[in-house]
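2 protein chains.
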Amino acid sequence: MYRTHNNGALRLTDTNKEVTLSGWVQKIRDKGFMIWIDLRDRYGITQLVLDEDRCDKELLEKAKSLGREFVVQVKGTVIERVSKNPKIPTGEIEILVTDLTILNESKTPPFTIEDNTDGGDELRMQFRYLDIRRNPVRESLIFRHKVSMEVRKYLSDQGFIDVETPYLIKSTPEGARDFVVPSRMNQGQFYALPQSPQTFKQLLMVGGMDKYFQLVKCFRDEDLRADRQPEFTQIDCEMAFVEQDDILDTFEGLTRHLLKEIKGVDVDKFPRMTYEEAMKTYGNDKPDIRFDMKFGELNDLAQNKGFQVFDKTELVVGIAVPGCAGYSRKQTDKLIDFVRRPQVGANGLVFVKCNEDGSYKSSVDKFYTQEDLATWAERVNAKKGDLILILAGDADKTRTQLSVLRMHMAETLGLRNPEEFAPLWVVDFPLLEWDEDTNRYHAMHHPFTSPKPEDMHLLESEPGKVRANAYDMVLNGNEIGGGSIRIYDRDTQSRMFDLLGFSKEEAQAQFGFLMDAFEYGAPPHGGLAFGLDRLVAILGGQETIRDFIAFPKNNSGRDVMIDAPSPIDQEQLNELSLALVTPKE
Amino acid sequence: MYRTHNNGALRLTDTNKEVTLSGWVQKIRDKGFMIWIDLRDRYGITQLVLDEDRCDKELLEKAKSLGREFVVQVKGTVIERVSKNPKIPTGEIEILVTDLTILNESKTPPFTIEDNTDGGDELRMQFRYLDIRRNPVRESLIFRHKVSMEVRKYLSDQGFIDVETPYLIKSTPEGARDFVVPSRMNQGQFYALPQSPQTFKQLLMVGGMDKYFQLVKCFRDEDLRADRQPEFTQIDCEMAFVEQDDILDTFEGLTRHLLKEIKGVDVDKFPRMTYEEAMKTYGNDKPDIRFDMKFGELNDLAQNKGFQVFDKTELVVGIAVPGCAGYSRKQTDKLIDFVRRPQVGANGLVFVKCNEDGSYKSSVDKFYTQEDLATWAERVNAKKGDLILILAGDADKTRTQLSVLRMHMAETLGLRNPEEFAPLWVVDFPLLEWDEDTNRYHAMHHPFTSPKPEDMHLLESEPGKVRANAYDMVLNGNEIGGGSIRIYDRDTQSRMFDLLGFSKEEAQAQFGFLMDAFEYGAPPHGGLAFGLDRLVAILGGQETIRDFIAFPKNNSGRDVMIDAPSPIDQEQLNELSLALVTPKE
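Same order as they appear, the protein sequences are chains A and B.
Okay, so the first sequence: first residue is -18 according to this note's numbering, each after it adds one.
Okay, so the second sequence: first residue is -18 according to this note's numbering, each after it adds one.
If you're looking for bench data, these hints aren't it; they were derived computationally from the structure.
Quick caveat: nothing in here was measured; it's all calculated off a predicted structure.
Fair warning: there could be bad hints in the mix.
Same chains, same label: a pair holds when it works inside one copy or across any pair of copies.
[As the list claims (entries may be wrong)] Computed cross-link-like contacts, DSS-like style, restricted to lysine-lysine with a CA-CA straight-line distance of at most 27 Å: (1) Lys365 <-> Lys12; (2) Lys347 <-> Lys12; (3) Lys8 <-> Lys446; (4) Lys88 <-> Lys485; (5) Lys293 <-> Lys56; (6) Lys(-2) <-> Lys45; (7) Lys56 <-> Lys433.
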């Protein structure tokens, strides 16, 4: 037996016990006649002690030969420490070592195994197995485990059935690019890895499974933006005989349960906001509502007063930044530079300082009276001491720009507290969005989303105006989940494929099985998927998902530890009847 | 809201309640003036009733228009049934319908949605979403969910951490064929889908995760034997600082827990048997020990008595089949035919009837006395009334043949009771097995399995004799799991790759990351994986796994429902820099 206890277990009440411990050498303090070793494992650190008086010489020499990250097994007696360490649970005891076995040696690690390591990202990824020994990474993975278990428990208790759907499925050109898998037994044919189990979960509803969930890997062969992974995990769910509110209530319950169980945070009923309202109020369909700074539209107040920049634009819109009326010229200039950066793209920025004495000082004092500015302040809900920031221009673009500025100000002012949680639902998304590249409509959510019955009559005449029974759950400015009520009749599904530019033949070849299924008694159904990686990161108070994934890939989709992807044997290619070709430029 | 209750919920105590139900029309009994409808969902069946007296005419006509598998919503009043049905939980009540909405119509299903359907396998698979509506399939999937949840709960309670390992990994030629995934972003390079997360779980141990588990899909591109799937699910586990007994104890605990929780069956400590003993006693490394019929070797008793067939062979071995002494000539002839079939391959079969009067009647009476036969009976533990069946020939082949015969007799005699559970461990598997095709040794388990320390000296001199710290859990004649103590030092791992015919370069290119990891303080570790599909099927009392998989593939690896794999666009091939080539004959 390698150990009687782990390194987080022993307490003062264990004094005089003979124990066997195993673990890694975290730290050695060698005073010559006496030596202390911190022995580490997943559960904690236990201090070992050896000295000339109480240990034989050979044993002491062996202890002195140890290096960082050596794996050792020790036998010894639990004794009370002279100088206790209140910071760790085992801090009142140490082990007087009577026997020491080196189980494995270690080369010097390429970075320190400490909470704040000296290793860069690339090095940490290459030696991820050493990185995982560090507390923050290990604790993140254990945190993920806890969240996953809690999700499963909650959904199972609510009657959801975990059904595994296949990974080797069929490629469909809709949406992002598929990863494909050549079939050896079916020459010239390919499987695809699922971007989501969408059609399968719908078929489970047709099959009467009623409530389905799965924590499932999904795959998208996209050019990776920062903090995206080619494989990611979804909490995937579907329910039959439900309306939108049934779904929102269910998954609001799940999220509230997680916040309570995992973070000890009680959250009220989630606000529900339409897509249109979110765009008007926050310029964003995933608003961070931990802080205020709601948009105030100023067209009626600010136009036709002689300031031409405002007069000729579609939208004049502002926010009140709390407590920043005292900003210096240098600070406001920096904000102007910020909004003019190509990533934001505004032409300029108008500001109004709401002074503590009730007066206003703006960059457009030439055109507006104090009374004018007071109406603006009221509209954007500015208080004394606030700074009003105003952008103007094309409505959609300006809202997006002001949203970026709003987030920037929140970040600057430290309003994005990772230990505060502000969830909401955004509902009534548009069914379709116009794609300028391909000159046609795309499904905003996916082609299986149901139009709102009251908008159905616009489907062919004004498709852009049709709203869907589609919803996103937003947490702290991140979309953590989304879903919709689905189409469940062949006719509507077929009209949808028409709208999306599928020929009848294409629709039948790719989704015929689903449309066929709708003819055999498909129930009304809908569902949702959460991004587990993101959810866990946000619950863990982090902005990036990478440390919540054991073995992530880099931005080129490579696993730098195992060095994948990599070339394969010609023999393997032959078996698959494939040849590599040089790409045309 | 589509329903106030599901179709399994209502009882006599709900009488007079106004309820709304939704579901599928299972059955209609139309008496003209009165009509009963069985309404079905996942939770049960509720009887609806409409008649001329209590319902308006239009409603009755609408009910008459319904067909099988129509999806309907009804409102009505719970009333007590006149003739109760004690077979279903809702059998004391029915719903007097006041409103009926057809939510969706249904074409006539291609097979009946009944426990015993008239649909053949291929048709059921093509319309799997209808097949899943059938109780046995739906219950199998729900059963799988229960087992999965219980496995996760148990392991998590034991301190195991569920860590997700990547699906896009690296192809390695060892073992079965990989499915590969061409990388678009890394032209000419491929990922592989994991045959198991073996190296990753070992790296998690190097990373100090201590106890890992995962329910994870694995992939093997093998020519599919009956009841194999290209994608299958493992309960994958690994532990650090453990010896073989720690692992056996842990997973014996898991299995005992599942048998208790899921099946209500208490099982004693599992027998542990060496591979050698299993082969000698049952001719099989996964013996079914629900019944006896242990092998008795007869060489010393049966050779050199003038029966040349026995004299010149390596092994004479028999079993006692209980209660079959009365077999007729026709019956014994059938057994001779059975063992002579090419699938078994024996030349013949000797039998001895142990008569109730204590005498023996054998097919070789010419050569052996009653006293001779009595010693045989003692050796194979035959009692009065038993039939001894004896095969002779080359030792390995004969054991295998007798094992097949033993299973055949057990099947014939109904000794394989699916509701009886007899688990055991088979331990001390050989490290290597000789492969006649490639003329070299293969790893019997995998190349990361540790040789037994006491056999290490044979590694280069007599590799075939080296035993491994490898073990299988066997349940009712099925291997449901297996694992090993792993190598955890670079030197031994490197020697192993040498033995398996890897060049130094190949070993480094494919498994360099693992051998590198072993140099940074790898702890002793080991683990195991259970085949979840098989485990669930056996616990469910079934021989085949297919109905415990929601969307299985057929023997050509095809999903006949979605019609995958399928050709992909030339554009997709271009993006991957791949071309299809016609296979050479």
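Checked hints:
1. Lys365 <-> Lys12: neither (63 Å within a copy, 80 Å between copies)
2. Lys347 <-> Lys12: Intra 76 Å, inter 88 Å, cutoff 27 Å: neither.
3. Lys8 <-> Lys446: neither (65 Å within a copy, 43 Å between copies)
4. Lys88 <-> Lys485: between (63 Å within a copy, 21 Å between copies)
5. Lys293 <-> Lys56: neither (83 Å within a copy, 58 Å between copies)
6. Lys(-2) <-> Lys45: This pair counts as within: shortest intra-copy Cα distance 25 Å, inter-copy 80 Å.
7. Lys56 <-> Lys433: Close across copies (24 Å), not inside one copy (70 Å); limit 27 Å.
When the structure is compared with the earlier hints, violations turn up for hints 1, 2, 3 and 5 and for no others.
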